[in-house]
Amino acid sequence: MPPESHREEDIFESQFIDRYLSEYASISSIVREALPFELLATVGGVIAGIIFSGMTSELEMIPGLIVIYPGVLGLRGNISSTLGSRLGSAIHMGLITDIDRNNPELTNNISGSLLLGFIMAILLGFLGHFVTLALGFESAGAFKLILICAISALTSGVILSFVAVLLAIGMFRFGFDPDNVVTPSIATIGDIVSMFMLFLSAKLVVML
Amino acid sequence: MKKAKKQTSYYTVQGIIKRGLPVLSITCVIGIIVGQVLNTREKSLLSMPAILILIPSLIKIGGDTGSMLGARLSSAFHMGLGDRIYRNPVVHNSVIAAAIVGFVSSISVSVLVFLASHFMGFGMPFLTLLEISLIAVVIELLVVYSATVAIAFASHRFGIDPDDTVIPLIASLGDLVGVMGIFVALHLLEII
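Going line by line, the protein sequences match chains L and U. For reference, each letter of the first sequence is one residue, going 1 to 208 in this note's numbering. For reference, each letter of the second sequence is one residue, going 209 to 400 in this note's numbering.
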């Protein structure tokens with residue numbers, strides 16, 4: 001037990017901390033910062049949903065496509081948003097200042113995330129096929145599902161990396177903090193682009 | 209591959225892949241589980257295109273607001289603001305704020321889906337869409353926020369930095385609970 005005077009200081013300090021905290025984390029300030037981005041993201045989600053609802057004939061023709069769709073969207077979002085936040089950190093550290101093909105920091109970031117997306121796409125198609133079979137459902141076959149995953153992962157990866165690099169460097173040039181802009185915008189665009197690429201690659205595989 | 213020269217850069221392809229693979233593999237497995245849940249009801253989903261429009265945006269809300277909540281909690285811990293779960297203003301206010309953002313977004317999703325599905329000619333009554341969204345979001349936010357607060361406190365207690373690992377996990381947990389929430393709502397409203 002601390003002496004009486006210390007206790008009073010402690011109480012004073014904890015009251016001070018509480019007051020500081022309720023200002024730092026006031027409900028209205030959090031809502032004001034987060035709501036616009038979340039509303040924008042829902043618009044992106046609804047556009048992705050409209051593409052998804054246009055895929056009904058592909059969903060019927062390729063059994064197992066509905067199984068890999070959440071994974072394809074989730075992977076793309078995770079990989080591109082970590083790419084965006086890494087680019088932000090690299091720009092803050094001064095490692096990337098320009099769109100320069102000879103800068104290994106930039107090329108390694110992009111090729112790393114593309115390769116990661118490709119590996120995960122193969123795993124996703126593979127898992128999608130065998131888990132679907134194991135549960136007793138019909139599947140279009142490992143090859144078709146892996147092909148759909150790989151094509152959509154690579155094409156959407158290239159587009160989103162391009163957008164992330166342009167946004168990160170452009171925003172920095174115009175004096176914005178890339179961390180605040182790149183991740184939410186990639187989250188919004190990412191769903192639309194990867195859903196569209198999933199749609200196109202499913203169409204392509206149906207034609208094969 | 210033309211990266212034969214000496215690896216002196218800060219970011220290497222190998223490093224990026226090595227850090228990404230474990231977490232992404234877990235999210236990949238969760239994604240497949242979500243897909244299988246959808247697969248069990250594929251027939252009825254395909255007959256209701258309005259629900260297909262609703263799914264991607266609605267299941268994102270829990271993951272998005274949950275990751276924001278997780279990021280805020282971990283920053284608060286890093287700054288040393290509060291160690292208690294109960295009566296902690298940061299936890300309290302962040303959860304309430306995230307829930308407000310989640311509810312407002314779910315209402316906006318149902319309005320947007322209603323408009324989109326009407327323009328595309330397979331309208332569903334607005335009230336039904338709103339009910340589905342609200343029921344699904346209540347379930348999603350309850351589960352995801354409890355998990356987020358628990359994970360944030362656990363990683364703080366055990367000294368793990370909850371940056372790259374926790375947020376993708378919360379996002380895919382949000383997908384899983386979101387899809388289940390939508391199915392629960394569809395069952396409660398006796399649509400499937």
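No lab work stands behind these hints, which were simulated from the structure alone. Just to be clear, a hint being listed does not mean it is correct.
Computed, partial: chain L to chain U, Cβ under 10 Å [claimed, not checked]:
(1) Leu35
(2) Val43
(3) Ser53
(4) Thr97
(5) Leu135
(6) Gly141
(7) Leu204
Just so we're clear, the structure is a prediction, and the values are computed from it rather than from any experiment. For every residue, glycine included, the Cβ atom is placed at its ideal position computed from N, Cα and C.
Hint-by-hint comparison with the structure:
{"no.": "1", "hint": "Leu35", "in the structure": "holds, 5 Å"}
{"no.": "2", "hint": "Val43", "in the structure": "holds, 7 Å"}
{"no.": "3", "hint": "Ser53", "in the structure": "holds, 4 Å"}
{"no.": "4", "hint": "Thr97", "in the structure": "violated, 14 Å"}
{"no.": "5", "hint": "Leu135", "in the structure": "holds, 6 Å"}
{"no.": "6", "hint": "Gly141", "in the structure": "violated, 15 Å"}
{"no.": "7", "hint": "Leu204", "in the structure": "violated, 20 Å"}
In terms of the numbered hints stated before, the structure departs from hints 4, 6 and 7, listed from lowest to highest.
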